[in-house]
Structure formats: C-alpha cells, structure tokens
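*Asks:* Spelled out, the chains give:
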Amino acid sequence: MKGYEYHKPQTVKEAIDLMEGLENAKYIAGGTDVMVLIRQKKLAPARLISLRNIGDLNYMETEGGLRIGSAVTYNTIAKNDFVQRRYSALADAVKKVGSLQIRNVATMGGNICNAAPSADTACPLLVLDASVIIAGKTGEREMSLDDFFLGPNKVALEKGEILKGFTMPAFGENTGSAYFKHTRRQAMDLPMLGVAARVTIDIGGSEVGCKDAFCTVDSISNILKRLEDENLVCEDVRIAMGVVAPRPIRARKAEEALKGKVISEKLFEEIGEIAASESQPRDSIRGEAWYRRDMVKVLTKRAILKAVDRVIRPDDTIWPDRLW
Amino acid sequence: MKKEITFTLNNEKVIVEVDPKWTLLYLLREVFEMTGTKEGCGYGECGACTVIIDGQAVNSCLYPVMEAEGRQIVTIEGLMTKEGDLDPLQKAFVDEGAVQCGFCIPGMIMSSKALLDEKEKPTEDEIKECIEGNLCRCTGYVKIVDAIKTVADRR
Chain Y
1 MKGYEYHKPQ TVKEAIDLME GLENAKYIAG GTDVMVLIRQ KKLAPARLIS LRNIGDLNYM
61 ETEGGLRIGS AVTYNTIAKN DFVQRRYSAL ADAVKKVGSL QIRNVATMGG NICNAAPSAD
121 TACPLLVLDA SVIIAGKTGE REMSLDDFFL GPNKVALEKG EILKGFTMPA FGENTGSAYF
181 KHTRRQAMDL PMLGVAARVT IDIGGSEVGC KDAFCTVDSI SNILKRLEDE NLVCEDVRIA
241 MGVVAPRPIR ARKAEEALKG KVISEKLFEE IGEIAASESQ PRDSIRGEAW YRRDMVKVLT
301 KRAILKAVDR VIRPDDTIWP DRLW
Chain D
1001 MKKEITFTLN NEKVIVEVDP KWTLLYLLRE VFEMTGTKEG CGYGECGACT VIIDGQAVNS
1061 CLYPVMEAEG RQIVTIEGLM TKEGDLDPLQ KAFVDEGAVQ CGFCIPGMIM SSKALLDEKE
1121 KPTEDEIKEC IEGNLCRCTG YVKIVDAIKT VADRR
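Those protein sequences? They're chains Y and D, same order as listed.
At position 173 of the first sequence (counting the first as 1) the number is 173 in our numbering, and the numbers step up by one without a gap.
For our numbering, count along the second sequence from 1 and bump the result up by 1000.
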C-alpha cells in the first residue's frame, strides 16, 4: 500500500488552508468510507486531512430548531432525547446505520458528502427541511439540502470547501416524522429502499390524542378510524425516498396530493401509489426494480402512518417502537 | 515517514513510532504484538477487531493510527487483572460455553464490555444491539447473549 501523510488541523480555516496548498489530498472524518476505499485501492490519496479534531464541526444546538455539526457521530445524535422526540425521522435513521462500532465514529457530514443514493440520513434531512452550511476560503454560505445533492456521489462542494453542519427549523407538537429503511438484515446493511415522511396536522388549538384505555396497545389504523369525525387536516407534508433515483429525492406529487386533505388510512394508500409512480428504481444486487416500486407504496404509507402516530401518541409508550 | 505518538494502552502510557498509513489494528498486532485483537474482514463489517477507545467500541481496522494520539485505548489483553484473573465477562463466556472457534470472541467481549461499562443493567435488546456489528460464523449468538446477560444479572 502506498503511504499517505496524515494532518490533524484544529480549526476549519486551518483545514481549508491545508487543502489549498496540498495536492491529491482528501478530507477524512469518521473514516468508515475513506479507510475502506483506501484498503480496496479505489482511493490513493497522498495526504489525509482529518476533520475529527475540529471543535467547530462538533456542535449540537437545540434552541429554536436543530443545528448539528457535520462531525457529530451517529451515536451522539441517536442518544439525544430531543432529536428522538422532535426529529424522530432522523433518530430512526441514525440508529439503523451500520453497527454500533460504526456509529461510534461515522458522521452525518460524511454520509451526506458521499451522496450515495442510499445515504440513510439523506431522506430524514430532506423531510425535515434541512439546509447545509458550507465553509470555504471566502466565508460561509448556506443552501438547501435538496440543492446540495447533484447526482450519485456528487454534491455542490467546490474544491477545498467543507460541509460545516446542518440547520433544521423548529417543529411544533403537531408535527411527527418517521423513516423506514428496507433491508434484508437489520445491521450492517445498506437500504434497498428508504422512505421518510413528515406530517404536520392542523389540530386547531384543540387537544388531539387518543384518550381511551386502548390507546397504548391499539394499532394506529384503529385509532385513526375512531378519530375520523374529528376531521384532522394534513397541514404540511414532506415525503422523501432513497435508492429509487440517482440521488435521494422528494416525492413532490405525493406531497401535493396529501397537503390540505383530511387524513385517513385510505388516502395514505393512494399517496403511496403516487409516490411509487414518481420513483425510478433500477435492478441491482439488493433488489429488483418492480419489487422496489411495490415497496415504495408500502413504506410510504407506513412512514406517514407512523409520523401521524407520533403526533397522536407522543407519550413514552411508543418508545421503543411498537411492531410495524 | 515515521511519527511519534503517545496514548494510553490498557492503562499504561505508551510512546511509539508509527507510520501514518497504519491502522490502529496494525499497530496493536504487529508492533505491540497484542494478537488478541483479530483481523477478520478489514472493512469494518465483522467486528473482530473491536477495541474500546475513550469508552466506546470502535473497529480498529478502520481507525487511522494517528487518531490514537492522547486517547484511552483498551484491548482484550487489558481486561485481565495483574494477578492473571479473567474479567467477570470473560469468565461468563467460558462458563456459559459461549466460545466455539473463538475468533469473534475478543470483539464480542470488547463490544459488550463497552455496554456494561456504560449501563448497569442493560436489557436484552440493548445487549443484542451492542453486538450487532460482531459476526460469529459458528453462529453461536444465543450463548453469547446468555453470557452477557448473566454478568448483567449478577450485578
């Protein structure tokens, strides 16, 4: 193996300056992708610039929204109670990446910058309206995550620029979100399909929730049936799908079809159909296109149902998960 | 080009010359000759190389050796007491018959050690989650989970 030099800058500026002056250099964060690629000889950098020791990339603030630095590890995010409650889709995703050993070092910034179509955190971040903060030679800029993805393994980063972190707006109690990852085994598997949904329900000031004795054990389908005459309107919705296109995408037609409607399980089924028609999956080693398209229907419905469930039953009994 | 790094290995401060291209696993096995930590896949899939860094289970095969600087690293060799007694976790693995071919066991023990250090009474789900990144190709998971559970129950 050809060797490389290893740099450990302490600030973002130092890292960018280093990158500027060096040839064939590569940024490395958790290293769970870069180290594997080097070993597979798909990557032969002359220098690695570590982002692991930069304090400015390692922040997590929860006031008035959610701001996460790009070098925060998955496990740190997964353990955060606030993220679990208010940004559940993101918590769903970070808990299911790789294995515990991977989650202890892998970072969300690395996942996004790799821009694999299967990136686990991409769908949740898309539905949570995340924007990215990019630090470069001349200063910082902010752009929406949707614009940040250009294609498979391509993001809108100029040479030397560093993805500094993510910003998400604050969501109220009437918003729930969920992420479903379809895999053959639970750990250490890339998704053959990933679907995330965020639903904001118009509760018009009144208290929505399941109040009878069965509410902790009953399925969300039954609860929705009982709440039918309350006419819960879907105020805002986001649906994002992974692995069904060259990059993680939003299912905009499906979102349009759900927005402003009274929620019911039957409607969610139709939304699933629309989302499936928007997806363009292909055959691959992990699954065939027809199967993936079929599963988009199933998972879209489930993701919306679970997001609604998390609004109606925000109490502790739904952590950890019911059977889904 | 070699560089000098300092870190704590199994409660002892060590100063060692390393090549930046090494992984932590290479340093442990080839320089310190601590061959308890195994190399399985080398891609972070199997968990045989698990060590505890600053209290967290990490795949040492993906860990650039330069990042070890200043950290607290514990390997399977560090679990034994000075008198040569096994750690309660190791004893439980022996007593429960959790070891078959044995190749995955150092990784299994380090993963579960990190969990037991963090949580007093982990649930069965938490135990299974902590070894989800450790493959046992003798497929003896049931007894491994049992062994970890007995240690947790005895507390």
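Take these hints with a grain of salt, some might be off.
In silico SDA-like pairs for lysine to any residue, Cα to Cα no more than 25 Å straight-line [as the list claims (entries may be wrong)]:
#	chain 1	residue 1	chain 2	residue 2
1	D	Lys1149	D	Gly1070
2	Y	Lys8	D	Gly1070
3	D	Lys1121	Y	Asn80
4	Y	Lys159	D	Lys1021
5	Y	Lys95	Y	Lys159
6	D	Lys1002	D	Trp1022
7	Y	Lys95	D	Glu1126
8	D	Lys1003	D	Pro1020
9	Y	Lys41	D	Trp1022
10	D	Lys1013	D	Gly1084
With beta-carbon atoms standing in for the labels, derived distance ranges [what the hints assert, rightly or not]:
#	chain 1	residue 1	chain 2	residue 2	range
11	D	Gln1100	Y	Gly139	37 to 45 Å
12	D	Lys1091	Y	Gln280	53 to 61 Å
13	Y	Gly65	D	Gln1100	44 to 52 Å
14	Y	Gly136	D	Val1142	49 to 57 Å
15	Y	Gly136	D	Tyr1043	45 to 53 Å
16	D	Arg1155	Y	Met60	12 to 20 Å
17	D	Tyr1043	Y	Glu20	27 to 35 Å
18	D	Asp1117	Y	Asp283	25 to 33 Å
19	Y	Lys2	D	Glu1030	48 to 56 Å
20	D	Glu1069	Y	Cys215	30 to 38 Å
21	Y	Glu235	D	Arg1155	17 to 25 Å
If you are wondering where the hints come from, they were derived from the structure by calculation, not from laboratory data.
Just so you know, these numbers come straight off a predicted model, no measurement behind them.
All residues carry an ideal CB built from backbone N, CA and C; glycine is no exception.
*Asks:* Could you run down the list of hints and mark each one as holding or not?
*Replies:* How the hints compare with the structure:
1. D/Lys1149 to D/Gly1070: At roughly 33 Å apart (the allowed maximum being 25 Å), D/Gly1070 and D/Lys1149 break the hint.
2. Y/Lys8 to D/Gly1070: 13 Å, holds
3. D/Lys1121 to Y/Asn80: Roughly 20 Å between the alpha carbons, so the hint for D/Lys1121 and Y/Asn80 holds.
4. Y/Lys159 to D/Lys1021: Within the cut-off at roughly 24 Å; holds.
5. Y/Lys95 to Y/Lys159: Answer violated: Y/Lys95 to Y/Lys159 is near 31 Å, above 25 Å.
6. D/Lys1002 to D/Trp1022: Distance of about 10 Å is within 25 Å: holds.
7. Y/Lys95 to D/Glu1126: 12 Å, holds
8. D/Lys1003 to D/Pro1020: 7 Å, holds
9. Y/Lys41 to D/Trp1022: Roughly 15 Å between the alpha carbons, so the hint for Y/Lys41 and D/Trp1022 holds.
10. D/Lys1013 to D/Gly1084: 20 Å, holds
11. D/Gln1100 to Y/Gly139: 37 to 45 Å: Violated - the Cβ-Cβ distance for D/Gln1100 and Y/Gly139, about 58 Å, lies outside 37 to 45 Å.
12. D/Lys1091 to Y/Gln280: 53 to 61 Å: 56 Å, holds
13. Y/Gly65 to D/Gln1100: 44 to 52 Å: At 50 Å between Cβs, range holds.
14. Y/Gly136 to D/Val1142: 49 to 57 Å: Given a distance of about 53 Å, which is inside 49 to 57 Å, the answer is holds.
15. Y/Gly136 to D/Tyr1043: 45 to 53 Å: 32 Å, violated
16. D/Arg1155 to Y/Met60: 12 to 20 Å: 31 Å, violated
17. D/Tyr1043 to Y/Glu20: 27 to 35 Å: With Cβ atoms ~32 Å apart, the hint holds.
18. D/Asp1117 to Y/Asp283: 25 to 33 Å: 45 Å, violated
19. Y/Lys2 to D/Glu1030: 48 to 56 Å: Given range 48 to 56 Å: violated, Cβ gap about 18 Å.
20. D/Glu1069 to Y/Cys215: 30 to 38 Å: Cβ of D/Glu1069 to Cβ of Y/Cys215: about 53 Å, so the range 30 to 38 Å is violated.
21. Y/Glu235 to D/Arg1155: 17 to 25 Å: 49 Å, violated
Hint check: violations occur at hints 1, 5, 11, 15, 16, 18, 19, 20, 21; the rest are consistent with the structure.
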